[in-house]
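What follows is each chain in one-letter form.
There are 2 protein chains.
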Amino acid sequence: MEQQALEFELTKEFRDRFQQALDDHDDVFIQNILHEVKAADITTLLYEFTIEESKYFMDLLPVEVQSEIIRDLEPDTRKRYLKLYKPNDISVLLNNLLSDDIADILHELPVKEREEVLLDLEPVLRGQVTELLRYEAYVAGGLMAKELIRARVNWTVVQCVEEIRKQAENVSKFYQVYVVDETDKLLGRLSLQDLIISDARKLVGDIYEKDIVSVETYMEDREVAEIMKKYELVSVPVVNVHGYLVGRITIDDIVDVITEQAEEDRQMMAGISENVEEDDSIWRNTRARLPWLLIGIFGGLMNAKFMGLFEAELARVTAIAFFTPLIQATGGNVGIQSSSLIVQSLANPNFVDEGLWKRLVKVFFVAILNGLFLSILVLGANILLFQEYSLSFVVSIALFSVVLFASFIGTITPLILNRFGFNPALAAGPFITTTNDLLGLTLYFFTVHLIL
Amino acid sequence: MEQQALEFELTKEFRDRFQQALDDHDDVFIQNILHEVKAADITTLLYEFTIEESKYFMDLLPVEVQSEIIRDLEPDTRKRYLKLYKPNDISVLLNNLLSDDIADILHELPVKEREEVLLDLEPVLRGQVTELLRYEAYVAGGLMAKELIRARVNWTVVQCVEEIRKQAENVSKFYQVYVVDETDKLLGRLSLQDLIISDARKLVGDIYEKDIVSVETYMEDREVAEIMKKYELVSVPVVNVHGYLVGRITIDDIVDVITEQAEEDRQMMAGISENVEEDDSIWRNTRARLPWLLIGIFGGLMNAKFMGLFEAELARVTAIAFFTPLIQATGGNVGIQSSSLIVQSLANPNFVDEGLWKRLVKVFFVAILNGLFLSILVLGANILLFQEYSLSFVVSIALFSVVLFASFIGTITPLILNRFGFNPALAAGPFITTTNDLLGLTLYFFTVHLIL
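Chains A and B, in that order, give the protein sequences.
According to the UniProt record's numbering, the first sequence is numbered sequentially starting from 1.
According to the UniProt record's numbering, the second sequence is numbered sequentially starting from 1.
With the rest of the complex left out, here is chain A:
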């Protein structure tokens, strides 16, 4: 029974069989097989077939299921897919969705089409969506939905339940009733659970929870996510600057924000500059990678120019060149480790800036321990492998200094980026590696020059 939903797995066999049904226009087969599958699973099918084929089997589904699928599609696929629809067909699909999802989809459409779709929406919904379209996607106003249940503080429980019956038609999922005064100012909330277990004659004013957490329309999505995580909320009311209730944000939107955030950080660490996915076009994939590769190339050319200054030393002892990869790789690794730990601390909502000084002292000791261990190890290995005593000493001294400096730069860069409002994850990527490559080389050749 409930297993059905979980057991659906998109296999090659299923896809081939389904393709055949599409080719044969075998509507009965398609309808029967899709009837057993949840909308969220049908959504995955749209990534597998051409948009024309997708449209063909979508048209065989009930319109509410179509709406749900449209809502769950990735923006890029949805954009391509909706090109097959006329504006008033899109309106029909959107009429089944919540205002926040509609606003997100409308943002993706060309302006002219957006206006036409908007005109064909149901009047109440049109008003709500128009209001939401004003907000940027990354603030609370852009995340919130207008659909919510509000109760006046002077109602009785019975009145409240009556009103919920009326309002609930337009609100699909809700867990809380928001309590407002006559002017719509947010006062608190009442969980459905408290409503159910309360005496019917009580007043809302006697049983609602005051002092609740709310967010303001202009608050950034990251902040909203942190607040909902911290206070373990499934939904949070959104108020405007005057404290009037204007919407609510539910946890599923926040789960998306958290997931996207993690993805963005990972891309920054990997040196990919746009929001790109593997299945995007070859050109877009190329373009997203180039900027960071260019920084690396620029760093590499600077490295080459710098080594050129020591051509005399290199000509005298060729073996000097053997150890640049060792020095640079270690510098890179230490730098990335340091900065990613700072990035992690900054991402922690309980993060308190405990003072740069205390932090640096600790980083310094960790670096000394790691540096000592590694340079002694390398000293032993080099003497065994290359029998070059003085060069081996030079390499170990340079290695120790590189560990120290790379820790310092890796620690300080994300803090500085964060201070100036950039994503600190930027510092855990190719940026720090390139800097550390140059740093490592400089320290190494400086030591060579001094000692050898």
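It is worth saying that the hints were derived from the structure and are not from the lab.
Some clues are possibly wrong.
Once the Cα atoms are required to be at most 25 Å apart in a straight line, the calculated DSS-like pairs of lysine-lysine come out as [what the hints assert, rightly or not]:
no.	chain 1	residue 1	chain 2	residue 2
1	B	K230	B	K210
2	A	K230	B	K38
3	B	K230	A	K38
The model shown is predicted, which means the values in this text are computed figures rather than measured ones.
Dock chain B against the given chain A, drawing on the hints supplied.
Coordinates of chain B only, in the frame set by chain A:
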């Protein structure tokens, strides 16, 4: 009013003033100031003061608030902090929490103490927690709470509401009632919202939702997270292998799973081997970093040994050495970019293995475009900067090959790791960088050897 909660920010001024109150044992000040602050905000204070100081102000708080704070602490801090308590004091605090949180905390205690605390819990809770302790922390059984509201399919709505009143005392937050048959087998769910808006004389059997998604006790947390995300659930029922309802998992636990997952991936990419945080001890920080640094060092020594084979060439044209950083950095960057895109695809719940071949062809084209662009650019730059024509050609040819090979290895490694059940993010870290360093060097010197 509701702004209070949000406006609390742990400033240095607040901390200093609070420290002074602690030193002066100014209980009135402490109680007054903490009365205005939410539990989740007081929690942050425990990271700021010694555990003895924390215990001092915690003792001034109502016991429910203390319980909530204990629940929200990071495991390491909690472990240290709870050492100040006797087992039966811990039981008093835990009695206010949900079974899943209690089980998590008990897992952290030494076995003897765990048994003592367990004995002092309220009987019903003791039974529930004992059952939960059987499960590993990373499976559904270890995430779930025992507290849930169950309704029999043959009840009327009125009966159901009555029962909810009785059961709700033990269940803090719930959004759904789970519908079971006489043997406790899960049949479906009934949202509170449907319960409120339904006619009181209707049967649960007529209004509940069948075909719901459930998870089994042994399912891994990652999978549970994917399912809850995919179907946008705020809570999911957990059944045992026979389909009997044994618990429920709520979205806040899943938000934690997603956050930890992202952190783990980030640490893998940064080459940090244990679950370490910046504020852990110096020794632990050092130890967590060493393994990957050692791999880097090993790679570096191999690089050195390898370059030694070409000592003659290097002695003849010293400038060959200038370009090893450029080649290696580019190889590393390209490799990390490729693997992180694959890691991202694998993390996507809609990921379908579209065939290795198709994927590789695309990666190949992206690599050719990037490789061509970069090597032409570098050719121009090198000729301008160094006036060494044949060496410049060698560098560009090697660079082009490195981009191609590094893309290939970066793509294939996470797929292989994933196939054999390892975290593919492993491949986006120092592992791939070290491999690519060696690869780059080999390709470069091979080209040098052939052409120069």
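These are the hints, each one checked on the structure:
1. B:K230 to B:K210: Satisfied, since the Cα-Cα distance of roughly 18 Å is no more than 25 Å.
2. A:K230 to B:K38: 10 Å, holds
3. B:K230 to A:K38: 10 Å, holds
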